[in-house]
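If you're matching them up, the sequences are chains Y and G in order.
Using our numbering, the first residue of the first sequence is number 18, and each one after it goes up by one.
Using our numbering, the first residue of the second sequence is number 9, and each one after it goes up by one.
Check before you lean on any hint, since a few could be wrong.
What the hints assert, rightly or not - Subject to a maximum C-alpha distance of 25 Å in a straight line, what follows is the list of computed PhoX-like cross-link-like pairs (lysine-lysine):
#1 Y:67 x G:82
#2 G:16 x G:82
#3 G:60 x G:82
#4 G:60 x G:101
#5 G:82 x G:190
#6 G:202 x G:190
#7 G:202 x Y:67
#8 G:202 x Y:71
#9 G:69 x Y:67
#10 G:101 x Y:67
#11 G:102 x G:60
#12 Y:71 x G:16
#13 G:102 x Y:67
#14 Y:67 x G:190
Said to hold, decoys possible - What follows is a set of in silico ranges between Cβ atoms, one per label pair, in the way DEER data are often shown:
#15 G:96 x Y:153: 36 to 44 Å
#16 Y:30 x G:150: 19 to 27 Å
#17 G:17 x Y:116: 38 to 46 Å
#18 G:21 x Y:140: 36 to 44 Å
#19 Y:76 x G:75: 46 to 54 Å
#20 G:157 x Y:103: 50 to 58 Å
#21 Y:34 x G:21: 30 to 38 Å
#22 G:21 x Y:133: 49 to 57 Å
#23 Y:35 x G:154: 25 to 33 Å
#24 Y:47 x G:75: 54 to 62 Å
#25 G:187 x Y:75: 49 to 57 Å
#26 Y:30 x G:21: 51 to 59 Å
#27 G:187 x Y:77: 53 to 61 Å
#28 G:79 x Y:151: 38 to 46 Å
These are calculated hints, taken from the structure and not from any lab test.
Quick reminder that beta carbons are idealized off the backbone N, C-alpha and C, glycines included.
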Amino acid sequence: MNTHHLSEEALQQAAMEQPEAGSVREAHLEGCSSCRAAVAEYRAIFGALKTMEKPVFDFDVAQLVLEQLPQPQPAVRRFPWPAVLTGAAAVMGFAVPLLVLGRFLSSLFSGIPAMMLALIGVTAAGILLFLCRETVLNYREKMRLLNFY
Amino acid sequence: MNHSVEQKFTDQQLVERALGGHQPAAAQIVRQTEGLVAQIVFKMIPLADDRKDIVQDVYLKAFRHLAGFRFNAKLSTWIGRITYNTCLHYLEKKRLVFLPERPADGDQEDDGLDLLLQSQQPLHQNPIEQQLSGRERTAILGNAIRKLSPPVYQTLITLYHQEELSYAEIAEITSLPEGTVKNYLFRARNQLKKNLLSIYNREAL
Ligand SMILES: [Zn+2]
């Protein structure tokens with residue numbers, strides 16, 4: 018004979034879940050009519066809740082909301098000023114010393130074949146472009162996160 | 009607008025279309041989520057007159073921040089969360105209490121006593137089952153739910169048992185830890201049963 022009835026929590030679980038064959042809970046329920054009755058009560062409540070009438074608004078929500086939404090506009094992205102300014106600063110950072118040291122550099126590169134020079138130039142440009150793209154994407158992502166919350 | 013030809017889109021498709029200014033997609037987002045929004049708003053906002061403004065506020069916020077929706081959760085859960093927070097904010101502003109510090113430790117035995125007056129049900133073998141199968145079921149259950157205290161129990165019971173959301177989804181909507189949601193729901197069910205039983209017991213006298 019069972020001396021301990023199921024806890025309130027176990028009764029609720031039993032009412033919400035499929036019976037687990039062979040579990041301690043099921044074994045107790047089989048032999049205890051008062052716990053069975055308590056489970057049946059919970060089951061009745063949960064069943065009634067599920068089929069209870071749901072509240073509805075007495076106005077057309079979609080219409081109300083759509084009227085207030087801004088009219089669709091061609092996707093205008095805010096001009097990425099910070100990225101452009103950073104880019105410009107970077108170019109200046111290169112260009113100014115280049116101009117100043119022009120003479121010195123031209124003598125430095127004079128010994129290197131034109132083909133090699135072009136190759137270095139293209140590689141450097143490629144890397145620079147990639148970095149710029151990363152920066153812009155990063156910036157957009159951060160702006161999106163800032164807009165949220 | 010013809011509702012019957014509404015296609016089934018994924019959350020992502022809907023959001024992308026709505027962001028592109030596609031109005032039917034925006035309308036569909038509203039229609040797919042307004043049931044959940046209604047559940048939360050009706051449970052949390054006692055004044056019917058204020059509900060319209062709140063619903064409008066919820067969706068305008070949702071659409072304003074739609075680009076920031078990360079698809080980590082279901083769109084409906086996200087909008088549910090906005091709804092819950094908007095309602096809380098409203099209650100704070102109106103100085104209406106929704107979340108007392110802590111739920112009462114022992115659930116009061118006489119919580120549902122005054123419900124008795126509203127119930128006209130005859131006696132039955134299995135009181136709850138019989139009462140709840142009657143025509144007044146929605147009214148009786150509704151009253152028993154409204155008696156749940158603290159009031160957050162009312163919302164939790166509704167979201168779990170009527171909307172059939174998971175503990176995790178409810179935690180997401182209410183910003184409560186999942187363990188707290190489970191614990192509150194356990195107490196809320198217990199209280200609800202007592203409320204309904206007390207209706208019956210008073211009648212049996
Ligand atoms: Zn027992």
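Each hint tested on the structure:
no.	hint	in the structure
1	Y:67 x G:82	holds, 21 Å
2	G:16 x G:82	holds, 15 Å
3	G:60 x G:82	holds, 24 Å
4	G:60 x G:101	holds, 17 Å
5	G:82 x G:190	holds, 20 Å
6	G:202 x G:190	holds, 19 Å
7	G:202 x Y:67	holds, 19 Å
8	G:202 x Y:71	holds, 23 Å
9	G:69 x Y:67	violated, 30 Å
10	G:101 x Y:67	violated, 33 Å
11	G:102 x G:60	holds, 16 Å
12	Y:71 x G:16	holds, 23 Å
13	G:102 x Y:67	violated, 32 Å
14	Y:67 x G:190	holds, 18 Å
15	G:96 x Y:153: 36 to 44 Å	holds, 38 Å
16	Y:30 x G:150: 19 to 27 Å	holds, 25 Å
17	G:17 x Y:116: 38 to 46 Å	violated, 57 Å
18	G:21 x Y:140: 36 to 44 Å	holds, 41 Å
19	Y:76 x G:75: 46 to 54 Å	violated, 27 Å
20	G:157 x Y:103: 50 to 58 Å	holds, 57 Å
21	Y:34 x G:21: 30 to 38 Å	holds, 35 Å
22	G:21 x Y:133: 49 to 57 Å	holds, 52 Å
23	Y:35 x G:154: 25 to 33 Å	holds, 31 Å
24	Y:47 x G:75: 54 to 62 Å	holds, 56 Å
25	G:187 x Y:75: 49 to 57 Å	violated, 38 Å
26	Y:30 x G:21: 51 to 59 Å	violated, 38 Å
27	G:187 x Y:77: 53 to 61 Å	violated, 40 Å
28	G:79 x Y:151: 38 to 46 Å	violated, 23 Å
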